[in-house]
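*Asks:* Chains as they are written, first to last, in the numbering used here: chain A, 1 to 167; chain B, 1001 to 1507; chain C, 2001 to 2320.
What the hints contain is simulated information worked out from the structure, not anything from laboratory work.
Cβ atoms here follow ideal geometry from the backbone N, Cα and C, with glycine treated the same way.
Check before you lean on any hint, since a few could be wrong.
[Stated by the list, open to error] Derived list of chain C stretches under chain A, where covered just means 3 residues or more per stretch with a C-beta under 8 Å from a C-beta of chain A: (1) 2029–2036; (2) 2229–2243.
[What the hints assert, rightly or not] When the alpha-carbon atoms are kept at most 20 Å apart in a straight line, the in silico EDC-like pairs for lysine to aspartate or glutamate are as follows: (3) C/K2198 <-> C/D2235; (4) C/K2161 <-> C/E2309; (5) A/K150 <-> C/D2153; (6) C/K2242 <-> C/D2147; (7) B/K1295 <-> B/E1358; (8) A/K150 <-> C/D2089; (9) C/K2161 <-> C/E2277; (10) C/K2266 <-> C/D2235; (11) C/K2090 <-> A/E34; (12) C/K2090 <-> A/D98; (13) C/K2313 <-> C/D2262; (14) C/K2198 <-> C/D2153; (15) C/K2301 <-> C/D2262; (16) C/K2161 <-> A/E156; (17) C/K2312 <-> C/D2114; (18) C/K2161 <-> A/D98; (19) C/K2179 <-> A/E156; (20) C/K2181 <-> C/E2317; (21) A/K22 <-> B/D1435; (22) C/K2181 <-> A/E25; (23) B/K1256 <-> B/E1296; (24) C/K2305 <-> C/E2286; (25) C/K2273 <-> C/D2296; (26) C/K2181 <-> B/D1465; (27) C/K2161 <-> C/E2109; (28) B/K1492 <-> B/D1164; (29) C/K2266 <-> C/E2277; (30) B/K1103 <-> B/E1249; (31) C/K2135 <-> C/D2153; (32) A/K80 <-> B/D1435; (33) C/K2181 <-> C/D2227; (34) C/K2244 <-> C/D2153; (35) C/K2242 <-> C/D2262; (36) C/K2135 <-> C/D2235; (37) B/K1137 <-> C/E2148; (38) C/K2266 <-> C/E2109.
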Amino acid sequence: MRLGEIITAGVMALLSIYLMWKSTELNVGYITGEGPGGGAWPFWLAGIMLVCTGFIAINWVRRSSPPSQSEEPLLDGYGKKMLVLVGGGLLGFIALVDIISMYGAMAVFLLYYLRFLGRHSWSLTLILTTSLPIGFFFFFEALMRVTMPKGLPFTEPFFNILYNIIY
Amino acid sequence: MEILGLLTDGIFVSLQPINIMLILVGVTLGLFIGAMPGLGSVNGVAILLPITFLVPPGSAIIFLAAIYYGAMYGGAISSITLGIPGASTAVATTFDGRPLALKGRASLALVTAAVASFIGGSVANVLFTIFAPLLAKVALIFGPPEIFALMLLAFATFVGLGGDDLPKTILSICLGLVFAAVGFDEISGAPRLVFFDISGFLHGINFLVLAIGVYGIGEMIWTIESTRGEITTTEAKMSVKGIVSDAKEGMRRGWKGTAIGSFLGFFVGILPAAGATPGSLMSYGVSKMISKNPKEFGQGHPGGVAAPEAANNSASTGAMLPMLTLGIPGSPTTAILLGGMVIWGLTPGPRLFTDQPEFVWGLIGSFYISNVFALIVNLSFIPLFIWMLRMPFTVLAPLIFILSVVGGYAATQDMHDVWLMLIFGFGAYFLRKLDYPLAPAVLAIVLGPIAEPTLRQSLLLSSGDATIFLTRPIAGPITVIAIILILLPAFKMLKDRMKGPKSNPAG
Amino acid sequence: MNLTKRTFGKLAAATAFASMLASSVAAFEPNKPIDFVIMAGAGGGADQIARFLQSVAEKKDLTTRPLVPNNKGGGSGAEALIALNNASDKDHTILVTLNSFFTTPLRQENLGIDIQTFTPVAMMGVDPFVLWVHKDSGITTFEQWLDEVKKGDYIMGGTGKGQEDSLVITYLEQNFDLKIKYIPYSGGGAVAKDLAGKQIMATVNNPSETKGFYQNGDVVPLLAFSDERMPAFPDVPTIKEKGKDFSYYNQRAVVGAPGMSDDAAKYYQDLFKTIYETEEWQAYMESESLSPLWMDPEQQKAYWKTQVENHKKLLAEMGE
């Protein structure tokens, strides 16, 4: 944790500096008779962030905040495994959306999570992986008129059939 | 007394069998739309507007009012059961609703939310009926300096919200405010902070993208890790008796919050530039401030659920006021309703009350009825939501992730925002582990887009003279109160330090 | 009454649908929801018009797949233009535009948008601008207004630098030798509200946004920026009568994605012509004081050229 604390503070400091630099694209000063320029608000707030990271670093040196006293690792073995399995699963889910459509990606993610992480029975897994995406499709596309990404063109014939049902 | 007659007519019209049916369908539909993160009353109203052309205008209005009310009640459901605020108005509901659910008291939270919503809605309806034309004048007095002063006050009520680590809390607030500035600078009319020239940043960072990232992904991963996946959210059983006792407990401990939310929410809600979100946030902050046990807020206090829920319901009704009386939409939902009224051939504006009294009072009449039905429908669905929570966590978790991704997309219909949400989620997970409070960032991204433009508009009005916030008759007192509230904790800290220097070294 | 009205409506819809079927033999038909991009955020004037068009299409059952409104107002509409430029399905993506269709590509050249590549669909009408003051100011004529502004410290509100109303205000400043302080707001509704609340002294707004306050007598129109006097305000002089050869309208047009197939373009052109001719749209134009300005696709392309030239000049005057 202790190491994580100072690294995170460093990352936040870099982020603040980047935000300050990016804000200077617009006027960050005070224009007489008009008030602050377009970049002033984010620039000075990012400046305060930078100052805050400084205080966090001081607290780290003085070991006065709980994370800076803790010698436990930020991520233990379980944490690492969990982050890879769950976080990686989510990453895969979102990456698949543009390829096999929101609904297809949803089904794959459910299959992965329920069967391989949750170790549920195949019957429960298959019921949920098919019924949920179809339910979402009808809720969003038919009822709410919100169109979700359909992925690459090869999914088109399949969705055309579904659209013929709902419209 | 003419008003009363028109109002009774409106209520009777709503009570016709066909209209009751429409109300039931509308409220139920609204409840689910509101409960779905990323969707809100704005979607419900927008999508169903075309359908309403198929029924007579009178029934159409009733149907829309029912959806509007249903969605307001529904917002609390995802905040409590999933821990994701479904709409910006329900952010504050997560602060205490989620802890209650994790303690196995989800039913208490849901019932309290429903009852508080009902009271908030009822108070607002009565205020609306009596004071509408007068309040419209108040709304006009609030120019940019007044709205900014109000935002300052909203921040002030939240001073105590952060964690114990002061630098991290301030960092979190500033991060939220900077994110709120991404996209476009309204005053200079120039693109701003468009990171790496990615066009998705042009529309700014939507509040929901950050909120779902923090709560739906970051908090979820953290929960899975810290409980080693062995989490059970609730063991509570539901029964009619249970609902009654929950309602009693909720009101016993949350009546103050409900009262504050009902009135404060309404008054903030009628201001077109402010609206329901600051109203519900301020009500939460004020309830915490005046509570005898402010430490219990955030740990699962029914008052912390009642205040924002009463407020957002009351404020959403209040938001109708500027739309009807001035033709100014206070929220995207009312903006779309405004469009609907134009399509029906009505001109919203100061003359609507005199030219079209049947429409106005019919609408308000259907608010009264929809509010009652929304309460009944909501209460009868609570067992279903509790049942959902009792699913094994390995089923519930993927469901929450899917709702997060779908909700993140539905809000702006842009995959860019889904990726951004994932990044925020991972970031929030690490920050959460290191005791960074993230609620202030979420609040800041909600209030920032109101605070910054009004600040700069005010300074333009005064030619750069900052005393405009103190010299205007309404802005002045609000600013002074806000400043006192902000400085109060600092004084207290100083006093504590003088008294007992050996008490814990402040961070 | 209701019953007959409804039956009639259904009948009309049925006939319209039948004639659609007859006219579109083997031509393009959308086979998925149509992405109906709106160049502004939810609630503004452009959004209301888009949703009205959608409602009419829905009510009359004019399309086999629904028009799905999609607000992309970011960066003064830059986001919408990019979305159309990069549309994955060009035959199912159309855009409701306003004048930022011309100004945004000029002001943000790095976007690399050439509007001449877009597919013209329909010009649904143009929205004229009017100069308004609060009735308490006591000003009733444009000349009085000029005198008042010349006293100095005059504050006007609008929807932002480079937006339609600010171009008109800049024109006034330069051609009548005025100095005006300009406060930007997020939308036309907010501007109208702050005029009625006397936070600002005057505005240049579309009549639809100020209508409620006008009917109540809170605000007074002084000058119309249309070519001829507007039917809704017969007593309000135009700027042309004041000796300046100037007029300014906000376009309410529908365009298709660049590279749309000819069949699809024909389909949408026919669709919006049908909508244009409906009683509903005609009544809407009248009640919202829009001026009809129907154009065929070729005329639209020519119109774009002249508008781009006009806006180049106006923006140059602004110093942008």
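*Asks:* A separate judgement is required for each hint: does it hold in the structure or not?
*Replies:* Checked hints:
Interface restraint, the stretch 2029–2036 of chain C with chain A: holds (4 residues with C-beta to C-beta distance below 8 Å; minimum three). Only residues whose C-beta sits within less than 8 Å of a C-beta in chain A count toward coverage, and the stretch 2229–2243 of chain C has 0 of them, not enough to reach three; the restraint is violated. Between the alpha carbons of C/K2198 and C/D2235 the distance comes to roughly 24 Å, so the proposed pair goes past 20 Å and is violated. For the given pair, C/K2161 sits about 19 Å from C/E2309 by alpha-carbon distance, which is consistent with the 20 Å threshold.
Among the hinted pairs, A/K150 with C/D2153 is inconsistent with the structure: their alpha-carbon atoms are about 55 Å apart, more than 20 Å. For the hint pairing C/K2242 with C/D2147, the CA-to-CA distance comes to about 15 Å; that is within 20 Å, so the pair holds. Under the criterion of a C-alpha separation no larger than 20 Å, the hint pairing B/K1295 with B/E1358 is inconsistent with the structure, at around 49 Å. This hinted pair checks out: A/K150 and C/D2089 have alpha carbons roughly 11 Å apart, not beyond 20 Å.
Simply put, C/K2161 and C/E2277 have alpha-carbon atoms about 35 Å apart, too far for the 20 Å limit, and the pair is violated. Distance hint between C/K2266 and C/D2235 is unfulfilled; the C-alpha atoms sit about 41 Å from each other, more than 20 Å. Only pairs whose Cα atoms come within 20 Å are accepted, and C/K2090 paired with A/E34 is rejected, the gap being roughly 44 Å. Between C/K2090 and A/D98 the CA atoms are separated by roughly 17 Å; this keeps the pair inside 20 Å, and the hint holds.
Annotation: proposed proximity of C/K2313 to C/D2262 is violated, straight-line Cα distance about 33 Å (limit 20 Å). Taking the CA atoms of C/K2198 and C/D2153, the gap is near 15 Å; set against the 20 Å cutoff, the hint holds. With a C-alpha separation of about 15 Å, the suggested pair C/K2301 and C/D2262 falls inside the 20 Å cut-off, and the hint holds. Between C/K2161 and A/E156 the alpha-carbon distance is near 43 Å, which puts this suggested pair outside the 20 Å criterion.
Between C/K2312 and C/D2114 the alpha-carbon distance is near 14 Å, which keeps this suggested pair within the 20 Å criterion. Restraint check: the Cα-Cα separation between C/K2161 and A/D98 comes to about 37 Å, which exceeds 20 Å; the hinted pair is violated. Pair hint C/K2179 plus A/E156 does not hold up; C-alpha atoms about 58 Å apart against a cutoff of 20 Å. For the suggested pair C/K2181 and C/E2317, the alpha carbons sit about 16 Å apart, so the restraint of at most 20 Å is met.
Between the alpha carbons of A/K22 and B/D1435 the distance comes to roughly 28 Å, so the proposed pair goes past 20 Å and is violated. Between the alpha carbons of C/K2181 and A/E25 the distance comes to roughly 24 Å, so the proposed pair goes past 20 Å and is violated. Straight-line distance between C-alpha atoms of B/K1256 and B/E1296 comes to about 14 Å, which keeps the hinted pair within the 20 Å bound. Distance hint between C/K2305 and C/E2286 is unfulfilled; the C-alpha atoms sit about 28 Å from each other, more than 20 Å.
For the hint linking C/K2273 to C/D2296, the alpha-carbon distance of about 10 Å falls within 20 Å, and the restraint holds. Between the alpha carbons of C/K2181 and B/D1465 the distance comes to roughly 15 Å, so the proposed pair stays at or under 20 Å and holds. A hinted pair counts as satisfied when its Cα atoms are at most 20 Å apart, and C/K2161 with C/E2109 qualifies at roughly 17 Å. Among the hinted pairs, B/K1492 with B/D1164 is consistent with the structure: their alpha-carbon atoms are about 14 Å apart, no more than 20 Å.
At most 20 Å may separate the alpha-carbon atoms for a hinted pair to count; C/K2266 and C/E2277 meet this at roughly 17 Å. Our distance criterion of 20 Å between C-alpha atoms is met by B/K1103 and B/E1249, whose separation comes to about 16 Å. For the given pair, C/K2135 sits about 19 Å from C/D2153 by alpha-carbon distance, which is consistent with the 20 Å threshold. For the hint pairing A/K80 with B/D1435, the CA-to-CA distance comes to about 19 Å; that is within 20 Å, so the pair holds.
Between C/K2181 and C/D2227 the alpha-carbon distance is near 27 Å, which puts this suggested pair outside the 20 Å criterion. For the hint linking C/K2244 to C/D2153, the alpha-carbon distance of about 25 Å lies beyond 20 Å, and the restraint is violated. Between the alpha carbons of C/K2242 and C/D2262 the distance comes to roughly 45 Å, so the proposed pair goes past 20 Å and is violated. Annotation: proposed proximity of C/K2135 to C/D2235 holds, straight-line Cα distance about 16 Å (limit 20 Å).
Distance hint between B/K1137 and C/E2148 is unfulfilled; the C-alpha atoms sit about 26 Å from each other, more than 20 Å. In summary, the hint linking C/K2266 to C/E2109 is not supported, as the alpha carbons are separated by about 30 Å, beyond the 20 Å threshold.
Of the numbered hints given earlier, the model fails hints 2, 3, 5, 7, 9, 10, 11, 13, 16, 18, 19, 21, 22, 24, 33, 34, 35, 37, 38; all others are met.
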